[in-house]
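There are 2 protein chains.
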Amino acid sequence: MTRDIGFEAALEAARTGLAEGGIPIGAALVRGGEVLAVGRNERVQNGDPIAHGEMSALRAAGRQATYRDTVLYTTLAPCAMCAGTIVQFKIPRVVVGEQRTFPGELELLRSRGVEVEVLDDPRCVAMMEAFQRDQPALWAEDIAE
Amino acid sequence: MTRDIGFEAALEAARTGLAEGGIPIGAALVRGGEVLAVGRNERVQNGDPIAHGEMSALRAAGRQATYRDTVLYTTLAPCAMCAGTIVQFKIPRVVVGEQRTFPGELELLRSRGVEVEVLDDPRCVAMMEAFQRDQPALWAEDIAE
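Read top to bottom, the protein sequences are chains A and B. Under the UniProt record's numbering, think of the first position of the first sequence as 1, with each following residue one higher. Under the UniProt record's numbering, think of the first position of the second sequence as 1, with each following residue one higher.
The shape of chain A in the complex, shown without the other chains (with noise of 0.2 Å):
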């Protein structure tokens, strides 16, 4: 099941994220069933505001000549730089752990023709939740609010 391996990948990269003292938010990018590469927000370990997970999972995908068979998992819903990541890079399909703690940019990638799959898993929403109670300044300071 191409969707759950991808999932699971990206919620394992959230909680490595967690563990690390960081924002729990973990992403995969994932081709023919396969995960090519996963990536979590680093911006407390690496001190890189831009290293939201999706943005990580593709840097760590290095080069690709097309993402047009590719889909991106993401444990929570994509921010306006993420949303324009996927749309630049062409990517067709997302899949979204959760919306509840934070509604992204769903419309805007809908607007582009991305499908975009929202999952309402618990474990993103109890992760988040805890995470923005426990961390509020954090929290703010990666969505710039």
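Simulated from the structure, these hints should not be mistaken for lab results. All values reported here derive from a predicted model rather than from experimental measurement. Do not take every clue at face value.
Here are some, though not all, of the chain A residues that point toward chain B, as calculated from beta-carbon distances under 10 Å [stated by the list, open to error]: (1) 44; (2) 52; (3) 55; (4) 59; (5) 61; (6) 83.
Even glycine gets a Cβ: it sits at the ideal position worked out from N, Cα and C.
Following the hints, put chain B in place on chain A, whose structure we already have.
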């Protein structure tokens, strides 16, 4: 002159990238008339597909409490990734060298309240025209075409 300092820094970064064999696009983040960070496209140099000039400048600037008092200068119209990032980071103003050789996502920026100025600088146009002519495959890769 804030505008000149930032723009010349962005142009210099683009030229540095060209001299390295990279894609000649540069950017600079400016606050209060001082250049906070510069960046250049480093797809070729670092094998990093998310390292557009604007993204590299934001990464180089590190974690910032706010971007509301900054201006982002870039030699070329921002793509969807970079435009989404500008929106996400709430950068209020972007100064663009040119949009003749790549239209970018200026309307997305404006629709989200970002002030966009296009300089139509002939040095930027000439640099990108030459690059797109000499390196069509690399240019196509960078814009995912």
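Checked hints:
1. 44: holds (9 Å)
2. 52: holds (9 Å)
3. 55: Holds. Min distance 5 Å.
4. 59: holds (5 Å)
5. 61: Where the cut-off is 10 Å and the nearest Cβ of chain B is about 8 Å from residue 61(A), the hint holds.
6. 83: It holds, given that the least Cβ distance between residue 83(A) and chain B is near 6 Å, below 10 Å.
Hint compliance for this structure: no hint is broken.
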